Amino acid sequence: AQTVTQSQPEMSVQEAETVTLSCTYDTSESNYYLFWYKQPPSRQMILVIRQEAYKQQNATENRFSVNFQKAAKSFSLKISDSQLGDTAMYFCASPSIQGAQKLVFGQGTRLTINP
Amino acid sequence: DAGVTQSPTHLIKTRGQQVTLRCSPKSGHDTVSWYQQALGQGPQFIFQYYEEEERQRGNFPDRFSGHQFPNYSSELNVNALLLGDSALYLCASSYRDTFSGNTIYFGEGSWLTVV
Chain A
1 AQTVTQSQPE MSVQEAETVT LSCTYDTSES NYYLFWYKQP PSRQMILVIR
51 QEAYKQQNAT ENRFSVNFQK AAKSFSLKIS DSQLGDTAMY FCASPSIQGA
101 QKLVFGQGTR LTINP
Chain B
1 DAGVTQSPTH LIKTRGQQVT LRCSPKSGHD TVSWYQQALG QGPQFIFQYY
51 EEEERQRGNF PDRFSGHQFP NYSSELNVNA LLLGDSALYL CASSYRDTFS
101 GNTIYFGEGS WLTVV
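Protein chains in written order, with our numbering: chain A, 1 to 115; chain B, 1 to 115.
Worth double-checking, as some hints may not be accurate.
[Said to hold, decoys possible] Partial pick of chain B residues on the chain A-facing surface, computed with a CB cut under 7 angstroms:
# : residue
1 : G42
2 : P43
3 : F45
4 : Y50
5 : Q56
6 : S94
7 : E108
8 : G109
[Stated by the list, open to error] Derived Cβ-Cβ restraints for the label pairs, each shown as a range:
#  : chain 1 : residue 1 : chain 2 : residue 2 : range
9  : A       : N62       : B       : V115      : 26 to 34 angstroms
10 : B       : L11       : A       : K55       : 25 to 33 angstroms
11 : A       : G85       : B       : L82       : 18 to 26 angstroms
12 : B       : L11       : A       : G85       : 39 to 47 angstroms
13 : B       : L83       : A       : N62       : 37 to 45 angstroms
14 : B       : R63       : A       : N58       : 40 to 48 angstroms
15 : A       : S42       : B       : K13       : 21 to 29 angstroms
16 : B       : G28       : A       : E29       : 38 to 46 angstroms
These aren't lab readings, by the way, just hints derived from the structure by calculation. Being a predicted model, the structure only gives us computed values, none of them experimental. We put the beta carbon where it would ideally sit given N, CA and C, even for glycine.
Please work from the sequences and hints to get the whole structure.
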């Protein structure tokens, strides 16, 4: 992707609720991947989930799932049954050039899960 | 199996000085990328090293340089430090591949403060 946009700087929900983080992107590539990374206070960037653009089925990893709308270039992350440990910065990202593994990140969404 | 390791964790430098940050990739990985993450922002790609050569470069001045050693470890050097260079510097390692996002692993970063 050439640009990745996250329009929600901060979000806050109660524990056990479901929350959806939004992401839009722009790319001229025909085949690409999209990722959601989590960055807790420890600062390490952890891959949460990835979506292959040529797959129509939305990716799911336990409580995490995506809503991938290729035509709209939208890639949202849904966290079900949110837990206190989900509190972190969440970044949407995509490789900018095929094969280069150079990631373009969004600005991030700070998610707080309240007890 | 050790993941991506970075050193030092924190450091403080004076404007105009030079700094060297170090990264050891995850076992089995041969490609190292460096990112700069300013406070409250998403990571920005600096450059990528593979086979001891710089393969891709982001929009960073020549003050930012790097090196990759035969054992795949890497250094990031920044000369003539500016206050604006204060940031978290993330190292990411991967195996040279195309669109294999799940092989991109990040270290915990080096916090650089320029005073």
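Quick rundown of the hints versus the structure:
Taking 7 angstroms as the C-beta contact cut-off toward chain A, the hint placing G42 of chain B at the interface holds, the least distance being around 3 angstroms. Checking P43 of chain B against chain A by beta carbon gives a least distance of about 5 angstroms; that is within 7 angstroms, so the hint holds. Nearest Cβ of chain A to the Cβ of F45 of chain B: about 5 angstroms, under the 7 angstroms cut. The hint holds. Among the interface hints, the one on Y50 of chain B is violated; its C-beta lies about 9 angstroms from the nearest C-beta in chain A, farther than the 7 angstroms criterion.
Because the closest C-beta pair between Q56 of chain B and chain A is about 5 angstroms apart, less than 7 angstroms, the hint holds. Because the closest C-beta pair between S94 of chain B and chain A is about 5 angstroms apart, less than 7 angstroms, the hint holds. For E108 of chain B, the interface hint holds, since its Cβ comes within 7 angstroms of a Cβ in chain A; the closest pair sits about 5 angstroms apart. This hint holds: G109 of chain B has a C-beta 5 angstroms from the nearest C-beta of chain A, less than the 7 angstroms allowed.
In this structure the supplied range 26 to 34 angstroms is violated for N62 of chain A paired with V115 of chain B, their Cβ-Cβ distance being about 43 angstroms. A hinted range of 25 to 33 angstroms for the beta carbons of L11 of chain B and K55 of chain A is inconsistent with their spacing of about 43 angstroms. About 37 angstroms separates the C-beta atoms of G85 of chain A and L82 of chain B, a value inconsistent with the hinted range of 18 to 26 angstroms. Evaluation of the 39 to 47 angstroms hint for L11 of chain B and G85 of chain A yields a failure: the beta carbon distance comes to about 29 angstroms.
Taken as a hint, the range 37 to 45 angstroms holds for the pair L83 of chain B and N62 of chain A, whose Cβ atoms sit roughly 42 angstroms apart. Separated by about 43 angstroms at the C-beta atoms, R63 of chain B and N58 of chain A satisfy the suggested range of 40 to 48 angstroms. A beta carbon spacing of about 23 angstroms between S42 of chain A and K13 of chain B agrees with the range 21 to 29 angstroms that was offered as a hint. Taking the beta carbon of each, G28 of chain B and E29 of chain A are about 27 angstroms apart, not inside 38 to 46 angstroms as hinted.
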